[in-house]
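Asks: Protein chains in written order, with this note's numbering: chain A, 1 to 504; chain B, 1 to 114.
No wet-lab data here; the hints were simulated from the structure.
We treat Cβ as the ideally placed atom computed from N, Cα and C, and that holds for glycine.
Among the clues, some could well be false.
[Claimed, not checked] Label-pair restraints from in silico Cβ distances:
{"id": "1", "chain 1": "A", "residue 1": "A22", "chain 2": "B", "residue 2": "A73", "range": "43 to 53 Å"}
{"id": "2", "chain 1": "B", "residue 1": "V17", "chain 2": "A", "residue 2": "T365", "range": "32 to 42 Å"}
{"id": "3", "chain 1": "B", "residue 1": "P55", "chain 2": "A", "residue 2": "R24", "range": "44 to 54 Å"}
{"id": "4", "chain 1": "A", "residue 1": "Q487", "chain 2": "B", "residue 2": "E24", "range": "46 to 56 Å"}
{"id": "5", "chain 1": "A", "residue 1": "F407", "chain 2": "B", "residue 2": "A63", "range": "53 to 63 Å"}
{"id": "6", "chain 1": "A", "residue 1": "N63", "chain 2": "B", "residue 2": "V66", "range": "16 to 26 Å"}
{"id": "7", "chain 1": "A", "residue 1": "N3", "chain 2": "B", "residue 2": "V66", "range": "29 to 39 Å"}
{"id": "8", "chain 1": "B", "residue 1": "L4", "chain 2": "A", "residue 2": "R273", "range": "20 to 30 Å"}
{"id": "9", "chain 1": "A", "residue 1": "G62", "chain 2": "B", "residue 2": "L83", "range": "21 to 31 Å"}
{"id": "10", "chain 1": "B", "residue 1": "D104", "chain 2": "A", "residue 2": "N63", "range": "50 to 60 Å"}
[As the list claims (entries may be wrong)] Here are the simulated EDC-like cross-link-like pairs (lysine to aspartate or glutamate), alpha carbons at most 16 Å apart as the crow flies:
{"id": "11", "chain 1": "A", "residue 1": "K161", "chain 2": "B", "residue 2": "E24"}
{"id": "12", "chain 1": "A", "residue 1": "K161", "chain 2": "B", "residue 2": "D104"}
{"id": "13", "chain 1": "A", "residue 1": "K425", "chain 2": "A", "residue 2": "E491"}
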Amino acid sequence: MSNLVVAPVVLPLLTGAVLLFAPRRLAWQRGVSIVSALLVVAVGLILVRTAWQGGIQVFQAGNWPAPFGITLVADLTSALLVSATSVAALAVVLFSPYGMGKDREELYYYAGFHFLLVGVHGSFLTGDIFNLFVFFELMLLASYLLVALGGTAVQLRETFKYALINNVASGFFLLGVAWLYRTYGTLNMADLALRVSMSESNGWLSVIAVLFIVVFGVKAAVFPLYGWLPGSYFAGPTPVVAFFGGVLSKVGIYALLRTFTLIFVEDPAFTHRGVLLPLALITMVIGIIGAIAQTDFKRILSFHIISQIGYMLMGIGLLTPLAIAGTIIFVVHQMVVKTVLFLTAGAAEQVTGTTDLRKMSGLLTSHGPLGVLFLIAALALVGIPPLSGFFGKLTLLQAGVEARAFFSVAVALIVGLGTLFSMIKIFRYSFWGEEKGLRLLDKNSPAFRGLLAPIALLVVVSAALGLGAEHVITYTSASAQQLLSGQAYIEAVLGSFVVARSGS
Amino acid sequence: MELLISLSVGIVVGSGVYLILQRELLRVIMGSLLLGYGINMALFLSGGIKTGGPPILGEEGPAGAVTDPLPQALILTAIVIGLGVFALLLALGYRTFQETGTTDLSELAGVEHE
């Protein structure tokens, strides 16, 4: 029992509610947002420490015992993802005053952003599959608002597509919840896991599992359900898109990770090896082909998200402790690095007025620090040691070799080459070469420094993740163990209830 | 009774899918509303229909049997969320009409963006 677990949900909720008043007083809006984001970072780090030292932290709302009440759970994975999200959120909040127009900031931007955080943190922490649905909806509602912020024709069109596709997916989510309840009579994830392990479903569980693959696949942009992503991520305001690219698509991956290690483990040969792994490989390849074909900064990055989602899915598909650990490292690394890459795209857009690579070049000469930071982040994404991407990929590939999935490993390596190629393409076009295109911001102007600070913050975090890889791998191995065994999770959530039930 | 409701779930969801596949923006929005309603009914079925008295002390059916109240609580939540999303989609659709002057989705596909 720990009240700390509920803080990452309640803090942004209160902040958002407070920020709904006086949307035009920007100094106040920014100040409150930064303070709240800092507090959530602190809470996230404390949560990681308590989960590491004191085991799984559980919060039962109103002290109702587990299968009956609302449960929030912070195990090692959830705590780590909450703190990674909060760091990315802090950087985005710091970036926002410089990264988009004042007119957009005044449209309840900060309030919407904090409500989005409520949904994201809630999804990571909830211990109940129906509450997962509720938090998903909260997150999506806030995200529709944020993508459409500003209301240009492109944004409205893309938001409509995004909202409609996700709305249909939510319908399927609800249907899956109904089937689970019909079959097992409970929606608490720990209780579900217990009942699944005690009964034979004769394949019915696999049917529900495939339904959930569709649902979470839409949220995570898995092939063939990724169609909404490149468009809507191109249309939105840059800070919003950075957070979406870094964090939002990973919430779907987290939901898959949680449910497919805890609940849907009856027939891994079909659900994991048979469905998830092939989907992972196709997602990787499609994403990278898309990225290579583009000539726009933001679009290349958007397609990269899809290809990286493939790597994370591959870890879940392999379902060995090492592979799951690799997935977790990869998710955390992506949350940081993808956000920073989108932020550099935003900074380049603020400087040159465009994101079209053909219309800018020579940024390294005129705005050196931005180029250096971009290069470090890009190398981290590609996976050059000692940066953070290397260890995620290494762990995943090692797991692939151990599981004798040599074809998957080969595909992953080739896709890695494609990633390197498209990052070099961005660097060569926009940073290298002679100075070309507009320069709207001076290198020494406060606005440019304001853009650089959050980027530098995230690059430092990424480098720290890489240099402290030993600790990161120890931690994620432990959390993978926790996810896969499931026993600790069930006991922490259900407590004495388990003893009572297995005795009867 | 359960068969009847199952069949109506099928009809409502089918109509919803049909409307979503239309080109008119408003019909698409209505379609997603119907889809949600159909699935809410399916959720209603998940607890079984009227298997006992109301779940209130002193009003149970014979041998203490009560109807499962949980699916109803779930539907209530789902309806509220559905309403929120529906209102947002309507507002979004209206703004799109104001901004582009059309509600035909195939015409919207031509809006310039590059």
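Asks: With reference to the structure, classify each hint as holding or not holding.
Replies: We went through each hint and held it up to the structure:
1. The given range of 43 to 53 Å is broken by A22 of chain A and A73 of chain B, whose C-beta atoms sit roughly 36 Å from each other.
2. V17 of chain B and T365 of chain A have their C-beta atoms about 55 Å apart, which leaves the hinted 32 to 42 Å range violated.
3. Checking the proposed 44 to 54 Å range against P55 of chain B and R24 of chain A shows it holds: the Cβ atoms sit about 49 Å from each other.
4. A C-beta distance of roughly 53 Å is found between Q487 of chain A and E24 of chain B, which places it inside the suggested range of 46 to 56 Å.
5. Distance hint check: the CB atoms of F407 of chain A and A63 of chain B are about 59 Å apart, consistent with the given range 53 to 63 Å.
6. Taking 16 to 26 Å as the suggested C-beta distance range, the pair N63 of chain A and V66 of chain B conforms, at roughly 24 Å.
7. Checked against the hint of 29 to 39 Å, the C-beta distance between N3 of chain A and V66 of chain B comes to roughly 33 Å, which is consistent with it.
8. Against the hinted window of 20 to 30 Å, the Cβ-Cβ separation of L4 of chain B and R273 of chain A comes to about 41 Å, which falls outside the hint.
9. Under the hint 21 to 31 Å, the C-beta atoms of G62 of chain A and L83 of chain B, about 26 Å apart, fit the expected range.
10. Distance hint for D104 of chain B and N63 of chain A: a CB-CB separation of about 55 Å, consistent with the stated range 50 to 60 Å.
11. The straight-line distance between the Cα atoms of K161 of chain A and E24 of chain B is roughly 13 Å, inside the 16 Å bound, and the hint therefore holds.
12. For the suggested pair K161 of chain A and D104 of chain B, the alpha carbons sit about 13 Å apart, so the restraint of at most 16 Å is met.
13. With a C-alpha separation of about 51 Å, the suggested pair K425 of chain A and E491 of chain A falls outside the 16 Å cut-off, and the hint is violated.
Hint compliance for this structure: hints 1, 2, 8, 13 are not met, and every other hint is.
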